[in-house]
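Given next are the chains, with one letter for each unit.
Number of protein chains: 2
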Amino acid sequence: MKRHVASKTLLYPMPAVLIAAGYEGEIGLCAVAWIGMVSGTPATIAMGLRNVRHTLPLIEASGEFTVNVPRAGMEASLDFCGIEAGGGAGKWAAAGLTPAPAASVSAPLVAECPMALECRVTAMHDVGDYRVVFGEVVEIQADEDVLTADGNVDVELLDPITYVPGTREYRALGRKLADAYSVGKPLKERAK
Amino acid sequence: MKRHVASKTLLYPMPAVLIAAGYEGEIGLCAVAWIGMVSGTPATIAMGLRNVRHTLPLIEASGEFTVNVPRAGMEASLDFCGIEAGGGAGKWAAAGLTPAPAASVSAPLVAECPMALECRVTAMHDVGDYRVVFGEVVEIQADEDVLTADGNVDVELLDPITYVPGTREYRALGRKLADAYSVGKPLKERAK
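Quick note, the sequences are listed as chains B and A, same order. Each residue of the first sequence is one higher than the one before, counting from 918 in this note's numbering. Each residue of the second sequence is one higher than the one before, counting from 918 in this note's numbering.
Hints are computed from structural coordinates only; laboratory data are not their basis. It should be emphasised that the depicted structure is a prediction, and the values quoted were computed from it without experimental measurement. Among these hints, one or two may not hold up.
Pairs involving identical chains hold if they fit within one copy or between any two copies, as the list cannot separate such chains.
Straight-line distance between alpha carbons at most 20 angstroms, and here's what the computed SDA-like set of lysine to any residue pairs gives [to be verified]:
1. K925 / E941
2. K919 / G1083
3. K1105 / R970
4. K925 / G1083
5. K1093 / N1069
6. K1102 / A1002
7. K1105 / A1006
8. K1109 / S1099
9. K925 / P959
10. K1093 / T1065
11. K1102 / G1003
12. K925 / D1046
13. K1093 / L1074
14. K1105 / A993
15. K1102 / E943
16. K925 / P1082
17. K925 / R967
18. K1102 / R1085
19. K1093 / E1073
20. K925 / G1045
21. K1109 / E977
22. K1093 / G999
23. K925 / N1069
24. K1093 / L1064
25. K1093 / A989
26. K1109 / G1013
27. K925 / T1084
28. K925 / V1044
Let the sequences and hints guide you as you build the complete structure.
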């Protein structure tokens, strides 16, 4: 028996990442959970930013931003970037985070995050008080210590943070349940 | 020291959900990881569907779909819905899943999933071979056994599935790291 749930913005799980952008010497930083990959041709993410966010005009002016994936242990810095309005170099310092140059865009990376997506804005779409920014992923870089010998990201070494809406908590990723593109094969064989 | 990563479609973590839609008696079902909340006014999700997906024309024709959150243990059914092309009632049966009526849309729910978002299409945006569908969340329902006494979703009872790109695996959510909107407050106090 299903029951009505009061909130309408619940999706499990959500990422918890730091968005950075810069324009003419000003640098912005904010925490975002409303973000997802939406295309592979080219690789494109979409994220919703409330239109009062300080980082949004920097993204609009520069046409670039970075998506920085924090690791477990960085919850205080991440959370601060979500609850502290405004931006600027002072916000980075107060969060204990350091801007670093990206490889392919002018937007800064968060040096402390083990992985970052570098994005160029390709479209924007307004939904109410939110601006949905589409960003083509032009480069991904990760710290050597989260990469396997063959250059793939090892999610256990990455140890990313998940945002849980509703009860509003951060959680780590948990145990492996199954291999994707594999565990469903017996059902596919049976369906033939 | 950061290194280039070959893939450009990595974001951690990603959801792993089942999208259902129906039109004139035909019902479709597919697995999606490229989805995220993008607005709160009104509550709106965006998801990227490759334009060959069988479920997409059903979403376009009916203007409605449901986002069904499977729980740990349902990996085989979920994975099957990702690797099996096409759709129809036979796909539901082969996946071991049952269509059930939704509360506010004509699209079916997946009865076995403990939680579902009911959505109405508000916009579409093409990015390469993918169509990004914007859906306003008009209703969320959840099984009583995943709800707390005060009607909130308990994520440990829900036990949702995460998709890990790159190494392509399903994982459960893990341990609680911290309370959001709280763990960053000491940094905010210090920043004043």
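*Provide an ascending list of the numbers of those earlier hints which the structure does not satisfy.*
Hints 1, 15, 21 not satisfied by this model.
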